[in-house]
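Chains S, G and U, in that order, give the protein sequences.
Residue 1 is where the first sequence starts when you use the working numbering, and the numbers rise one by one after that.
Residue 1001 is where the second sequence starts when you use the working numbering, and the numbers rise one by one after that.
Residue 2001 is where the third sequence starts when you use the working numbering, and the numbers rise one by one after that.
Calculated from the structure, these hints are not laboratory results.
Take the hints with a grain of salt, since some may be wrong.
[Claimed, not checked] Here are the simulated distance ranges between beta carbons:
1. S:Met-175 with G:Arg-1130: 48 to 54 Å
2. S:Cys-283 with G:Leu-1264: 29 to 35 Å
3. U:Arg-2102 with S:Cys-283: 26 to 32 Å
4. S:Phe-196 with U:His-2183: 32 to 38 Å
[What the hints assert, rightly or not] With a straight-line Cα cutoff of 20 Å, these simulated SDA-like cross-link-like pairs (lysine to any residue) come out:
5. U:Lys-2169 with U:Gly-2287
6. S:Lys-104 with G:Ile-1252
7. G:Lys-1258 with S:Phe-115
8. U:Lys-2169 with U:Gln-2081
9. G:Lys-1008 with S:Ile-91
10. G:Lys-1258 with G:Asp-1066
11. S:Lys-105 with G:Ile-1252
12. G:Lys-1005 with G:Val-1017
The beta carbon of each residue, even a glycine, is placed where N, CA and C say it ideally should be.
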Amino acid sequence: MAISSPSYQAADKIKPKQSYWSKISLPWVVTITHLSIVLLLPMAALITKSLTVGPREFWEVATQPVAISAYEVSFVTALFACMINGVMGTIIAWVLVRYQFPGKKIIDATIDIPFALPTSVAGLVLAALYTTNGWLGQLVAPFGIAIAFTRLGVLIAMLFISIPFVVRTVQPVLMELEPEIEEAAWSLGASASQTFRRVLLPILLPSILTGVALGFARAVGEYGTVVLIASSVPFRDLIAPILVLQRLEQYDYGSAAVIGTVLLIASLIILLIVNLLQQWSRCYAD
Amino acid sequence: MQTNKSKKFILIGLVLVYLSLVLFIPAIYVFYGAFNQGINTFLEALGRREFQQALRLTLITVAIADPLNIIFGLCAAWAITHKKFRGRTFLLSVIDLPFSISPVVAGLMLVLLYGRNGWFGGWLEAIGFRVIFALPGIVLATSLVTLPFVVREVIPLMEEIGQEQEVAARTLGASEWQIFRRVTLPSIRWGLIYGVVLTNARSLGEFGAVAVVSGSILGRTATLPVFVELAFKNYLATAAFAAAAILALIGIASLVAKEILAKLARQPTI
Amino acid sequence: MSIVVERVSKKFGNFQALEDININVESGKLVALLGPSGSGKSTLLRTIAGLEIPDTGSIVINGQDTTYLDIRKRNIGFVFQHYALFKHLTVRQNIAFGLEIRKTPRQAIKRKVDELIELVQLRGLGDRYPNQLSGGQRQRVGLARALAVDPQVLLLDEPFGALDAKVRKELRDWVRRLHDEVHLTSIFVTHDQEEAMAVADEIVVMNHGRIEQIGSPDEVYENPATPFVMSFVGEVNVLRNARSLLSNAYLSSSSSPVYIRPHDIDIDTFPHPGSVSTMLVRIIPIGWEIQLELQIEENFTIAAQINREQLNQLDLQVGQQVYLKPRNVKSFPEFAHSSQQHFTSVNVK
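My request is simple: use the sequences and hints to build the entire structure.
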């Protein structure tokens, strides 16, 4: 997500260095202070805390069965949710960019609802809708399928919160993609499916994957939506962030810190992947 | 041509069904849940002491966290765009971190630093300043999760105008503060407001991080989003939905404001 | 491989994009569709390609009626104004695309791609991506990609439109030479009359969805069929009510406007029989060419063109009186009273 356009240094060429520094230092002081109080020191506290337990114990806590099961629920469900949204998000972006139909503008705007709605509100509504006697839950209840308070509920919550990511990363790329690219493929004899597979998909793939990765990061860390729709029973639908909170409520700061660190490292890795994906998509850009 | 038409309708239909299931019906259901017992029940729920307290706490939090974020956002954007330095990309990635950190982990970090057993906990307790399970902790958690919003909106705009307009102002003898107030600020205003709207929406709605640091005590440290959860878990569904409807209204207002501002921001600022 | 367009019309909503178009392009010719934007030239090209389907009329390529044939089956080569290269593929992969779709054997693809890279003078750039190439190079790739599938006809939509002036001239001369080598029936769209005249065997001048004239570059320039062609192809002075100003000798009996090209005007510092007295208000030197702005009366100036040598001989100064005498004057009495412009349909030889 890093913004990497060139900065400029014209400022210090015009005025003598001294006065430039004396005037620029205040913003720097504010930036560093705020960043330290809010982000850097707390992060250091987390990492230090998890290191003080010692490497052996760290490993034991990080890999205890309940934690492993929580990671599995978090990561596998998030992966499913993001794959579904990878496909659906691409289709949504396609429909919004390529087709004209009434109500399109409104649908476009509503895509951002998951960003605008507080997560506890979303969780509340999804839980009420997808219980066995809720509006949507009762549609599948006759088949013996329960959604709320199971892993399917976790999946629904994660689908909800990760919808905008793929749509919003693919949309601008599709808008810039000139229709002539497809016409060129047709003129060379490519069928509709060949055009999609060999021309459109490779061009869209970096942005689809970027959206999937961003949505995945969000889904793995999600707490608010899930806590209301899941029963949070260990080994069933307990996700890792809720496990952290449970440990914290038991005043077990050590294991909370260890599992929290595992999640932090995971999100750092995803962030790195996102950056690599964005470099990849930039390498074809004009 | 016929196959193209049918493909179009199939895809639009698929999108509508999917979005209805996970997005539209839930969004509508907030208001159904709030009002299906009648308007009086809704108003009654809003009259509850716990609700009033949660609303007050949320507004106070926003009133502190928003200005903090604006000041930080402007300072950081100015600092980053006005000096070339090594590790600039790294600093930007650090500022972006809260986008990908789990809100629970964010809250946990604050507890480990400012909590009773944390680094600063003993010292803070000694001077009688309580952070965790109190307002300062809620403000810190809100500031942490909203950290990137204003900076990210403002940096591209500052970069765009900086090069020429600010140099021009400098050749005309303006001081750095004059340049900021009379050249930079007017040019970035829509982006700034856009960032503030995003910050505001998230500040009002932040749940995970706040739930961790606030202790979620109904009637004392529960913000509105936390109130929604607590009411739901205490089988006060109507109260939960009433609060949810208020939050959803604010969320929708933010969306509308965002759309308008995005249009304004795209217009050339002269 | 001939192309015959017969009575083709096409509407977009209420907008008549093409109206009763008839063209017959002989095998091996290079034809320009020339006209201002909105004249229908691109729509016509896209209709021939199969990207648009005409409302009425037919397209016959090499004796086969292709009006409703899918573009994928027409075997045409299409070159786009903005190149439309596949940016995730290298130059080689771009050129090979159509051959891979046709399941050509690997060895044959390699041979063909090598040959084409040589032909479009991109040796050594085969492994580059489009964003590592200049505009002119990209359009060469676009050409090679279109030529790779051995198309029956080559269609180019403003192929030089996105290039800067110098590259544009180089590439268009190169395309002309290429055509002389491969003799592939080609149609290209342009709004630049100079480009059309420099490259094409035949020019089809279009306006408002209709054909104004079809002819060789010389014919179109020297014998414009309509006032539109006269003013679109080359610069021209249009004189309405010229009767009072110019000597009767040059005027037909009707009162229709008179068209004079700037280079068809003789200039002198003293009067000749039949010359008109004017005031020189501006001298615009453009290298060897010199443009003069001559004021006949208030709010009525006329442009004339001489060369630098003549300018020096006449020793002209702004503000002085000069005498002009048109050498060649054209009028279109048959268009004078009809607001609706006629179209001519002539077969290309």
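Outcome of the hint check:
Roughly 51 Å separates the CB atoms of S:Met-175 and G:Arg-1130, a value that falls within the hinted 48 to 54 Å. Range check, S:Cys-283 to G:Leu-1264: about 33 Å between beta-carbon atoms, so the 29 to 35 Å window is met. Taking the beta carbon of each, U:Arg-2102 and S:Cys-283 are about 29 Å apart, inside 26 to 32 Å as hinted. At roughly 36 Å, the beta-carbon separation of S:Phe-196 and U:His-2183 lies within the given 32 to 38 Å, and the hint holds.
Distance hint between U:Lys-2169 and U:Gly-2287 is fulfilled; the C-alpha atoms sit about 18 Å from each other, no more than 20 Å. In summary, the hint linking S:Lys-104 to G:Ile-1252 is supported, as the alpha carbons are separated by about 17 Å, within the 20 Å threshold. Of the pairs offered as hints, the one joining G:Lys-1258 and S:Phe-115 holds, with about 11 Å between alpha carbons and a cut-off of 20 Å not exceeded. Only pairs whose Cα atoms come within 20 Å are accepted, and U:Lys-2169 paired with U:Gln-2081 is accepted, the gap being roughly 15 Å.
Proposed proximity of G:Lys-1008 and S:Ile-91 is supported: the alpha carbons are some 11 Å apart, at most 20 Å. About 16 Å separates the Cα atoms of G:Lys-1258 and G:Asp-1066, which keeps this hinted pair within 20 Å; it holds. Distance check on the hinted pair: S:Lys-105 and G:Ile-1252 sit about 15 Å apart at the alpha-carbon level, within 20 Å; holds. For the hint linking G:Lys-1005 to G:Val-1017, the alpha-carbon distance of about 18 Å falls within 20 Å, and the restraint holds.
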